[in-house]
Amino acid sequence: MSENMKLTLKVWRQKDAKSQGKLETYQLDKISEHMSFLEMLDVLNEQLINTGEEPVAFDHDCREGICGMCSLYINGEAHGPDRGVTTCQLHMRMFKDGDTIYIEPFRSKAFPVIKDLVVDRGSFDRIQHAGGFVSVNTSGNTIDANTIPIPKEDADNAFDAATCIGCGACVATCKNSSAMLFVSAKVAQFSLLPQGKIEAKDRVLNMVHQMDLEGFGNCTNTGACEVECPKGISLENIAIMNKEYFKASTKA
Amino acid sequence: MSVLDSKTPSGPIKDQWTNHKNNINLVNPANKRLIDIIVVGTGLAGGSAAASLAEMGYKVKAFAFQDSPRRAHSIAAQGGINAAKNYQNDGDSVYRLFYDTVKGGDYRARESNVYRLAEVSASIIDQCVAQGVPFAREYGGLLDNRSFGGVLVSRTFYAKGQTGQQLLLGAYSAMNRQIGKGKIKMYNRHEMLELVVVDGKARGIIARDMVTGKLERHSAHAVVIASGGYGNVFFLSTNAMGSNATAAWRIHKKGAYFANPCYTQIHPTCIPRSGDYQSKLTLMSESLRNDGRIWVPKNMEDVEGIRSGKIKPKDLSVDQRDYYLERRYPAFGNLVPRDVASRAAKERCDAGYGVNKTGEAVFLDFASAIERYGKEKAYVLGMHNPTDAEVKDLGKKVIEDKYGNLFQMYQKITDDNPYETPMMIYPAVHYTMGGIWVDYNLMTTIPGCYAAGEANFSDHGANRLGASALMQGLADGYFVLPYTIGDYLSHEIRTGEISTDLPEFVAAEKEVYDRLNTLINIKGTKSVDHFHKELGKVMWDNVGMSRNAAGLKEAGEKIRKIRDEFWKDVLVPGTMNEFNPELEKAARVADFLELGELFAKDALERNESCGGHFREESVELDGEQKGEAKRDDVNYRYVAAWEWTGDPAQAKLHKEELEFKDIELKQRSYK
Amino acid sequence: MCPQSENNILFMKSSIGRKILMALSGFFLMFFLAQHFTINFLSVLSEESFNSVSHFMGTNPLIQYALQPVLLFAVIFHLSMGIYLEIKNKAARGAVKYAMNKPGTNAPWVSRNMVYTGIAILLFLGLHFYDFWIPELVTKYVEGDMTGMHAGSFRYYEELVAKFQDPVRVGIYCLAFIFLALHLLHGFQSSFQSVGFNSNRYTPGLKKFGNFFAIVIPLGFIFIALFHYVSHLN
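Chains L, E and C are the protein sequences, given in the same order.
Heads up: the first sequence runs through residues 1 to 252, numbered per the working numbering.
Heads up: the second sequence runs through residues 1001 to 1671, numbered per the working numbering.
Heads up: the third sequence runs through residues 2001 to 2234, numbered per the working numbering.
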């Protein structure tokens, strides 16, 4: 157990969207292996502030792996070397004393850098605006929730797809910057539920159309997204979306 | 002292909401198109309100400080959402949910609001299912329920340990539909920094674009604050790093009364602190108490053995363990309400029985649940003489299905495997029941300014029951606010568009500019976090789970000192006109430093123990309840609503007397 | 929501549409490959049957005028779309590359390098066309000789054997089929995923069969080449 790790950080610094960025090197010591990765960055920032330098900007919020705000490409992998976790759940015990750690923003043409390690993932929102919903207004008079039974397996699969946190690790990881895992998670969730089936056709056409407009690349089924996804969203969802898209395109 | 008008409708409680809806003014569809509403915050309350208002035809502008509405901290709620559906045939009803919530809140909530909450709870489930929210289901395809602390029925709907996420994504999807139609204009990475009041009415806000640093004026006919709670005043809490009280505190300083700030929920099952670098605490859902048993060793030698690693927790036999909740509260056992469970953990740890190095941890043990489920499963599978290992494997599988994501989260954080060794937990600040005072219509004391969700004070009294926060957030946003706001807006149909060039907007913008400019230019020597941590320590030590007059007085003084020093010595790097997270934090901590003092003042003023507020001066002295919290209904049966007067220490108290017509006031007993 | 008439155009232009077309052309090419292999393998077993089947394939109007153009189109489409998508995908990555990237930790090499194995196959196809297909076309359609005869007997087997006498060519041939194997190791199961076939029940088996196909067919081609080379070594 180490309470005293020494680390070299190579951190991407970029003043704003228009400026050129570059990697800067920082030294840290007294890092405990029990710290989360972001707590390690807190220590770096405290050190930078106290020496009159600008702290490193990075996105983070809930710090318990669910909000999807934190990103970071750490040592060549989205959310770092651990599996099934977001950066905020990554702990320093995954690293060794003396390690050099590269910290870069999630990169993709559709995720422009805002500052340092912060990127704009608005493209994800716009895809959801295009069809990531069931068209039902708020009303106290929708049918009783138990009127339509849903097979447990479908409900469970829909839930598994719906656990996507929209962090963008799939895009950052994919050699093609494809957003298909993200989009398919929503398409698949609704395609498995009776409530979502009614608009299935327009939903998949519109969401995919928007995805293409945003400049994401094409899926070549490398499966890297599934491996790096902190929530384990399955490639099966992409297959479901492909099928849904094919059906929607060929159906009158 | 003035009497606050709650505008509770007259008549029997079960007809109040229906009658009220029938009698309030409406805005006709053509006029709704001409009315702007600002919604600050896009969690369950704000998101559902924004979507519902836009569906009705209003022009909505929604603000989130995160990069997307989906990131609001409602997303982190784990356990579930209550609704009086009585699907389990265990005798649940609107009245029971109402009763449990009022009792759970230790009789410090407004009856009429709580009844309405219970009444609309069933519609929330219907609405969410219609939106495609994938709740857990049974094999027959119908919705599953689980039970939560403080109640005797199973009325909690859930989606594994990610119920908040699924509900928020439902509200987010409803918002997306309206954003796509242009009915909601979404302002991401925007933070509200001031309310604009014109002729006594809320008319807009000043927001900062957090990417460019530009200050923006936004006008509207009504402003809804749904910005969540203020738990981060403690620095360490289960809240998100960005969760803040600024929007609520800004409207407070413009005239909205702040109610019961001292009502804070300390959640019993969080992962204990591991070091000084700790930035936040992680909750382990209360649903775990359904199957986990909480204990510490009976003997001090075993405590020491466990701390030093010489003894493994599973080596201790049942007789060597103190299942203190089961011992003290046989009726509710491990499922006592949160405030009771938290204090009991503190009591054991204060007595020296804490099981980790810091002495602030107790065990939450699943071994017996694993065994029980394993045996049941083996029976179902027709295994008549299963080995212990088989039983354990089967049991683990059942536990994994129920709590898999929570166990995984625990293991990732602590590096301990909770299937093999008991979890270690300790209470942490989780939710704030107090908040902006609102009337029955959810309107604050500023006309046209509303507060919804955790940001308001209304429904949970002095303690919130598990799975009730999601219910309240969505009730406010989907089913209450969209109706009640029309009553006010019906008088605004002739107002027309509100100019942002009005002198009030200019002045408010200048106020914000000056405040931020001051913060940047102090150029002191200590970081924002330094002050935030100092504030948090005072709050936890003096205004935490157990409070007394001397400590509270001291807290007020200490906070004032930290605040003075903050304004002299804080170091905010960078400039105003750029993406500057330190500046954002500084502005939020500045507000926490005022709120903290009011918090301590409120706690001092309320010399009774109720719900999450425990005053050492007010305990039962004898009888079966000896040592338990003692409520004082004679002197403190009111809502304390504080008016800003320029200094938190000088805040003016207004009391809303609470009437209990439909529930008999009793001392809570979970024995 | 978009009107129906636009859907077909959108399909061709959409990322998913294109990927489905890549998969469909891939299926066709894999089918062709299996067929081509079967016929070539006959050359190892029996000169006579190889000649008669080759003659049938080379002169049957349905195959020559219907399937052959389809094949040609599939080859051109699969290659050009593959390269076009690769260029688009590179562009989608953005201008700044990761300073540290470990793609090997999350995806196999074969899946990430389809365009390179594909181009290698393309280069080989150039040689292959030069060796067999263009001379065939010249003989049949320029010179008008549809008999398939040379010096009194079928020419197919002889031509085949003749080509495999040059060790350099045999070497290139073998190398090309190694690239084909790499391409198929990802391409086979990827095509199924692209057309939306992925199920817990069948996909594991399908993947196994895909790997079998991807190794056995190219290996078979290599065997044929080596067989003819070795058996005519004098």
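Treat each hint with caution, since some may be false.
[Claimed, not checked] Stretch-level coverage of chain E by chain L, calculated; a stretch enters the list once three of its residues show a Cβ under 8 Å from a Cβ in chain L:
#	region
1	1121-1132
2	1141-1150
3	1265-1279
4	1478-1488
5	1508-1521
Hints listed in this document are in silico derivations from the structure and should not be mistaken for laboratory results.
By construction, the Cβ of each residue, glycine as well, lies at the ideal position given by its N, Cα and C atoms.
Any of the earlier hints contradicted here, and which numbers? 5
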